[in-house]
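Engineer: Single-letter residue listing:
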Amino acid sequence: MTDHSASGGRSFLPPYLLERVASAGSDHQRECARQTLLVDQQFRARGGATALPPGSPERGVPARYVHSAEQRQVLPGRLVRREGEGDSGDPAVDEAYRGLGATYRLFWEAYERHSIDAEGMALLATVHYGRDYENAFWDGQQMVFGDGDGELFNRFTVALDIVAHELTHGVIQHEAALAYVGQSGALNESLCDVFGSLARQRELGQSVDEADWLIGKGLFTERVAGRALRSMARPGTAYDDPLLGRDPQPDHMDAFVETEADSGGVHINSGIPNRAFHLAAMALGGRAWERAGRIWYDTLVDRRLEQDSDFAAFAALTLDNAERRHGASSQEATAVREGWRRVGVLS
Amino acid sequence: MSQPPRLTPGSVVRLRREGGVAHFPGLSQPRCIRCDRYSEAQRDELWQLLSRAEAEAEAEAEAEAGRAPGADRRRFRLSVEDANGAASWAVAVAEEALPPGLIEWWRRAETQAENGSAP
Chain A
1007 MTDHSASGGR SFLPPYLLER VASAGSDHQR ECARQTLLVD QQFRARGGAT
1057 ALPPGSPERG VPARYVHSAE QRQVLPGRLV RREGEGDSGD PAVDEAYRGL
1107 GATYRLFWEA YERHSIDAEG MALLATVHYG RDYENAFWDG QQMVFGDGDG
1157 ELFNRFTVAL DIVAHELTHG VIQHEAALAY VGQSGALNES LCDVFGSLAR
1207 QRELGQSVDE ADWLIGKGLF TERVAGRALR SMARPGTAYD DPLLGRDPQP
1257 DHMDAFVETE ADSGGVHINS GIPNRAFHLA AMALGGRAWE RAGRIWYDTL
1307 VDRRLEQDSD FAAFAALTLD NAERRHGASS QEATAVREGW RRVGVLS
Chain B
635 MSQPPRLTPG SVVRLRREGG VAHFPGLSQP RCIRCDRYSE AQRDELWQLL
685 SRAEAEAEAE AEAEAGRAPG ADRRRFRLSV EDANGAASWA VAVAEEALPP
735 GLIEWWRRAE TQAENGSAP
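If you read the sequences in order, they're chains A and B. Residue 1277 in our numbering is what sits at position 271 of the first sequence, and the numbering runs on without skipping anything. Residue 732 in our numbering is what sits at position 98 of the second sequence, and the numbering runs on without skipping anything.
Quick caveat, the hints were computed from the structure, so don't treat them as lab data. There may be inaccurate statements among the hints.
To be verified - Not close to chain B: a few residues of chain A, all C-beta gaps over 12 Å, as computed: (1) P1063; (2) Q1077; (3) R1084; (4) L1085; (5) S1094; (6) Y1117; (7) G1211; (8) A1322; (9) Q1337; (10) L1352.
Said to hold, decoys possible - Label pairs and their computed distance ranges (CB to CB): (11) E1091(A) x G700(B): 26 to 36 Å; (12) P1060(A) x G644(B): 55 to 65 Å; (13) H1258(A) x P643(B): 43 to 53 Å; (14) P734(B) x D1096(A): 20 to 30 Å; (15) A675(B) x E1312(A): 47 to 57 Å.
Where is the CB? At the ideal position from N, CA and C, for every residue including glycine.
Using the sequences provided together with the hints, build the complete structure.
Structural biologist: What follows is the structure in structure tokens.
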């Protein structure tokens, strides 16, 4: 960019800071901005271009590979910790390693699934992606976690459910591959929240009553007016912040959001199926990953689930799977039917 | 896709970052660059960056063909409006493929808004 001083130029700060921080930004903020200018495009990641390392031939044992991008935008980066190695001393690396392990154990021990592709696929993760990078994503082959900016967002590996969320995107990709747009995209997102939350609940040994049903708790710094990215129990209540805005998730089909933003509202309308799962799990009680989670997993791998399935189709499949596994008049079938009815998907 | 139109003083460029692991309404607002606030040389530089973004989007589309698209990734939507407010060009490009200089313009658009002047 050429000279902007004539039009009031100043340091380039992270966008949300710019709304409240004028020229009196802290040294750290100025450093954030300076680093932005130094990003070299040749180091930037190209999605899905990484060659995967060997998977795990032994069922019940994961094959984890955790890399560091060392604040660049390169994938996969430098390998720091592989399967079986001890703590690295780098909190982000070790959180990712443990998070991948907890998620693997959920899928293996609760649902007999051997990794992302059910055939032992390597669990590849990169931490320290970019500088002050405030996001986590699945690139089609691996998980990627930023450190956050430290102003509004902490590092994204602090939340086990976010690590599990990203891994679950990989599982979905290898099953129904729900299209990432509109209702099928919101189902994709919801399933990642469901198994993200279940991985955390299982790791903590929580019953449905003990769980907080929040997604991404711990990601916000104390400066944010919010508890987490999303609430499965009460969609639309996770945050209400001057900079981030207000949690836009609806909790019922009556409030379904039609939008072109966010790939047709995939992270917005996922609140509806999230709440349906929460309602079903609460009605069943006990440990959510055992009965409600099993029914949702059965549906995730159900060959009748199609790329463009909508909420109603997914709901019907969960009900059918509940009836097949537990009986048409079972407590489980009733809980699932009632969950979807209360969010307005089934009548 | 096609090259962006030449930017005149009446042009308005809109930049919007979308996606990510959550949708934050406060962070996803489109940002606006009013070209009448910039010199011809600056408009030309901006045009060059938009052209590069278009080329990157095209290269990305080819590279991503047949490849799993992933999830929670961020994208930028770029558009140009003419003096009458009619959209004359638009493109979406992956965050990692956006020319760094354009990210500067994106950040700067909000800097000016925060100053109270027209973005």
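Engineer: Next, verify each hint and record whether it holds.
Structural biologist: Cross-check of the supplied hints:
no. : hint                           : verdict
1   : P1063                          : holds, 23 Å
2   : Q1077                          : holds, 15 Å
3   : R1084                          : holds, 18 Å
4   : L1085                          : holds, 21 Å
5   : S1094                          : holds, 24 Å
6   : Y1117                          : holds, 20 Å
7   : G1211                          : holds, 26 Å
8   : A1322                          : holds, 24 Å
9   : Q1337                          : holds, 33 Å
10  : L1352                          : holds, 26 Å
11  : E1091(A) x G700(B): 26 to 36 Å : holds, 35 Å
12  : P1060(A) x G644(B): 55 to 65 Å : holds, 58 Å
13  : H1258(A) x P643(B): 43 to 53 Å : holds, 48 Å
14  : P734(B) x D1096(A): 20 to 30 Å : holds, 27 Å
15  : A675(B) x E1312(A): 47 to 57 Å : holds, 53 Å
Violated hints are absent here; each numbered hint is respected by the structure.
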